[in-house]
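Protein chains: 2
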Amino acid sequence: MSGALPFEVGAMWSILGVAIAGLLYAVFLSRQILRADAGNQEMQAVSNSIREGAGAYLNRQLRTIVVFIGILTVALYMTAALAGSGWQIAVGRAAAFLMGSIFSLTVGQIGMRMAVIGNVRVASAAQRSFGEALKIAYRSGTITGMLTDGLGLLGGTIIFIIYGKFAPEVLLGFGFGGTLIALFMRVGGGIYTKAADVGADLVGKIEQNIPEDDPRNAAVVADLVGDNVGDCAGMAADIFESYEVTIVSAMILGLAIHPFNLKWILFPLLVRAIGVISSIIGTYYVRAFNEKENAFKSIKRGFNLSASTSIIGFVLIAWFYVHDIRLAIATFAGIMLAIVTNYLTEYFTGTEKAPVKEIAKSSQSGAATLLLSGLASGMESSVWAIIVIAFAILASVLIFHNTPSMILYGVALCGIGQLTLTGNNIAMDAFGPIADNANGIGEMTHMDKKSRQIMADLDAVGNTTKAVTKGIAIGSAVIAAVSLFGAFGDTIKVVTGVKDFFVDVSNPYVFVGFLIGGAIPFLFSSMTIRAVGRAAYLIVNEVRRQFKIPGLMEGKVKPDYAKAVEMCTTAAQRELLGVGALAVLSPIIVGFIFKEAALGGFLAGVILVGQLMAVFMANTGGAWDNAKKTIEDGLYGGKGSDAHKASVIGDTVGDPLKDTAGPALNPMIKVINMVSLLIVPLIISFKKWSPFIVIMIVVLLAIVGFAIWYSKREANPKIG
Amino acid sequence: MSGALPFEVGAMWSILGVAIAGLLYAVFLSRQILRADAGNQEMQAVSNSIREGAGAYLNRQLRTIVVFIGILTVALYMTAALAGSGWQIAVGRAAAFLMGSIFSLTVGQIGMRMAVIGNVRVASAAQRSFGEALKIAYRSGTITGMLTDGLGLLGGTIIFIIYGKFAPEVLLGFGFGGTLIALFMRVGGGIYTKAADVGADLVGKIEQNIPEDDPRNAAVVADLVGDNVGDCAGMAADIFESYEVTIVSAMILGLAIHPFNLKWILFPLLVRAIGVISSIIGTYYVRAFNEKENAFKSIKRGFNLSASTSIIGFVLIAWFYVHDIRLAIATFAGIMLAIVTNYLTEYFTGTEKAPVKEIAKSSQSGAATLLLSGLASGMESSVWAIIVIAFAILASVLIFHNTPSMILYGVALCGIGQLTLTGNNIAMDAFGPIADNANGIGEMTHMDKKSRQIMADLDAVGNTTKAVTKGIAIGSAVIAAVSLFGAFGDTIKVVTGVKDFFVDVSNPYVFVGFLIGGAIPFLFSSMTIRAVGRAAYLIVNEVRRQFKIPGLMEGKVKPDYAKAVEMCTTAAQRELLGVGALAVLSPIIVGFIFKEAALGGFLAGVILVGQLMAVFMANTGGAWDNAKKTIEDGLYGGKGSDAHKASVIGDTVGDPLKDTAGPALNPMIKVINMVSLLIVPLIISFKKWSPFIVIMIVVLLAIVGFAIWYSKREANPKIG
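Heads up: the sequence lines are chains A and B, in that order. Residue numbering for the first sequence follows the working numbering, starting at 1372 and increasing by one per position. Residue numbering for the second sequence follows the working numbering, starting at 1372 and increasing by one per position.
Read the hints as simulated data drawn from the structure, not as lab findings. Glycine included, every Cβ here is placed at the ideal spot set by N, Cα and C. There's no promise every hint is true.
[Stated by the list, open to error] In silico contact screen, one side only, chain B against chain A (beta carbon under 10 Å); selected entries:
hint: 1; residue: Gly1426
hint: 2; residue: Asn1430
hint: 3; residue: Ile1533
hint: 4; residue: Phe1537
hint: 5; residue: Ala1756
hint: 6; residue: Gly1868
hint: 7; residue: Val1869
hint: 8; residue: Thr1899
[What the hints assert, rightly or not] Dumping the calculated DMTMM-like pairs for lysine to aspartate or glutamate here, alpha-carbon to alpha-carbon at most 25 Å:
hint: 9; chain 1: B; residue 1: Lys2010; chain 2: A; residue 2: Glu1937
hint: 10; chain 1: A; residue 1: Lys1576; chain 2: A; residue 2: Asp1861
hint: 11; chain 1: A; residue 1: Lys2016; chain 2: B; residue 2: Asp2013
hint: 12; chain 1: B; residue 1: Lys1820; chain 2: B; residue 2: Asp1931
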């Protein structure tokens, strides 16, 4: 803590206190949930199946991850030690990596376990009142939100208290820990959830013509687990990662402004602390003031309260502590970015808006026109999303036009602002699968009509909140990546001692890196789409097999839910090794072969194409999904019509795009940027080709080649 | 001609002679075709309908284009005059623009007219022998090829003879002329061909269940015309553009190496002259040596002969004239790039290869899995295509590693090499619609079975040759754009007099330009896909209306073919205004607002994303098309099976992707680069914001905004 002024010391301990307060709030909420009624025995039986399935998934994934954490803790130590950073930094970075991984795992694990504890209680509460059901569902989700908030802030603050101005170097480890777990959670979760979903639907709804969530379908529990795996654990880990990564880059860039004045480093942490307080206030305020209120309205009211509180907060800090109101404006730009992104997502995927209406209309001339209409609309949505991001960056350019050295810091603050209300955002997101699961439990246990209606309404609102936050996840990934990209340049300047560093794409070397970088998101998407296809095929066969068991269709014999869960879990873990290898190793290979400037070009390509493809796939899939829903609600002939059949094809194509391939690009973009930041000092220090590097690159290329080959295996494997 | 050595003078006149020889060869071939038997009266009636339709399209398009040419001739004069280049350059550039436009129009007009003269003669020849039919079909296509080759070389050489080392500045006008026409031809043609195709198929094949090319279908002639419009005129204009643009950039970059030694500028022209000679030899060699020979084999034999001849030729020039064998190696790398690109296209879209087989297989579980499999495979194809381009650039880096200033010149030579065999490539491409049309004439006039089989075989081979050359068109567009990008940097250095110019994407301004650039291909694709949907809808209604005419279905009344042709033509012209405005104005707006470095970032984004999307859409569509064909040939239940229905959906989605949106990106990439190169001196000279610039930007933004809005009008308009 050398060089800190008394005020800074006090501020830091206060931030620590706020982080802990956030966590205590999560504990407080979880006690509330646990006290609530858990429903009758039948409901508990279903809930237990989901819980066991979720537990099996989490445990199986943990086993895979632990191995990676072990290897990478050593690797992280090496990245610092080999670059000559001193043993304190090296040990700190490895320990921070461990902490980052564990925190991210904790968010995923506890969040998801609380979600599966919450769902049955929501179902039970729906029998009593709408207000209670809403409160339980939202607060179960808030637990994940506050864990993300609290642990993210806690980690960053602890490291800062210990390391002071050396914190950024150590924080890289913390960020990478979160990043790695997010990759696993997002990609593995994405494959799991779609394999289960497609497997359950294809055989159940289409072949056997039984309803969704029918208890005779062996994959129905896997499908319910999948909603949690994808939308709760995957999403939380993804946002947790952006949360950390924006702190890391803001600190690196803040340090670059003035190496002896800590206020630029402290400001992001203070903003985040205000965010935690605002989220506590806002989320606690979410409740139904009467039985007829719209759930979405209540949730939005809480969000608005949090937003206002936090804006007031960081104006005060910027004015009275940093004495530079521009910092508050840059942070505010981030909040605006989040709001506009949400609006764009809603516009391009909402059932009430023109694009989805047009897509639904084009179903009248068949699936092909519906698909084309969706593709055209999805491509356009990507254009606006990227233009909004461009404006956010421009805002920073304008705000700091007098001090150009602060522009990139401004972009990082934009990311800090964007994720200020992480508590609310994740609460909104996790609310989706909890309401969905409660509805599923209602269907499987044949609950009364009134309660079912309450849960169906909550489920519908959950779909909206879930969709809206998806835009935030992608937007924040890109802003985080852009600030990491800025930090990348700064790091190179520090390491080389050269004042200027360019990523000059008119240089042929850099251009080559740039082209390869742009190709990576296409390769990644191709691999994840194929992975879903393969995994779904296994589940389809398993469900078909179980339907043939005598007595099962009559409801006399229970299907083996656990088997389907296990198959999804195993398939997801196996599939993500290939894409994981690609994400981690591609920047290392490009960096060592083409050097740091080309690696910069590579990063630029990854960010640009990654953003475009992520939004395109997410919104195209979301729009097809909702086009189907509007038709199912009676448009153009409703269920069973030709228009409906066309829309089902659109929805099925869109599912892996919006829930697997699209979201998987967020952690991919950040992992690649994070790895680049970690290895760039090593790349610079290796001025000459040694046999060791040649061997290493050959081995890494072989691994990536194997991963790609592996991802292209026969998509429809024979089952023994 | 100041400063040229005697040898150079002789060489230039020789090149001019070769260019004229290429044109004379085209005249010679066209006389051969015209002498051939034109079939019986019935066949001629159909052929006349197609010819009239083609003529109507060409004339209607000409009227639109002439206005643009007029405006832009003045604008081109201004770009040079305002930048202070002197009146000789300004007048030269405007005149060159006029020449470029006229040459490109000539290629499109004569090429297409020869194709529709050839088709009926192929049908007639098929009644006599396979060998004669092949010869007439291929030679009709060769005429377009040799016109492209000959006029491209002629224009470049004339300008060089007149302007000497000032030629590059004037050549910009020549290149832009070709570029503009290519945009019109490619985009307009792409919209036309798919609107007619979808319109004819949706009503004829699907609603009325009558065969393709049935004479009762009002859109059938429009469809046959469309094949020529898209694949013959559009493709030829596209390649003509790349042909010119690679010459322009090679000359600009060659001049940068040494301002007083013309050999670097002369080398590209010499290589191209060799290409013309090789193409004459190789194309004339294409014939069937016996009646059972495979047509593809004959065509390939001619290609190989041309390739060997030209390789020998430019090794000799590099060795004995330039005394630098590296130039031959770089050019050779271009030929290799063309061959590998062809192979990749064939692999990802060929019926015999794994990807199409897998896509066809996935049709068994429905349209959704077929679509996903196609998307995954198309995304992957894009990865390999871009990696091959990256390797081509790397090759240049390695070849010229001793003289880094020559690396970009090496990339331009790669583009020169890639298009050496333009004569053969376009012949192969135009062969496709000619054989297709002959087959259509056979079907419409109920020819005998043996002749029909010959034409069906030629048609199938035509589909392959057409698909293979599509890869070349995209690959050459990107290499051309990369060299233009290099020339862009050089131009800035010359104008500013500053030794170094960076497109540093780690600079926030440049990054913003870069993000916007990446968004453009998505916007463009979204607009063109919608345009096809809108135009197709009009045709569908028209065909439906005509089917209701009493006596038409019984064959007693002839449908009004001309009406459908005219509707397609008008719709295509109207639709392309929006996308044309976007392509021409977006670089001007970005350049003036964000300045030259950000414009560089913008170009990088356009090239990267344009290439990825173009290949993705072309190959995905091509693979779906061929998956349908393999199923129609009997796989998985053949025609009428569920698998077939699924594959028809895939094919219909793929059609606008592969024939409109994908190919439209090629001229878009080049137009944007060309416009940037033209305006960058003006951007640099406007150091301060003046009211004039502000007004200009607002007006341009309004035009682009209007164009985007226009492209989003109700996709299914009501018909009065």
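Which of the listed hints are broken here?
1, 2, 3, 4, 6, 7, 9, 10 and 12
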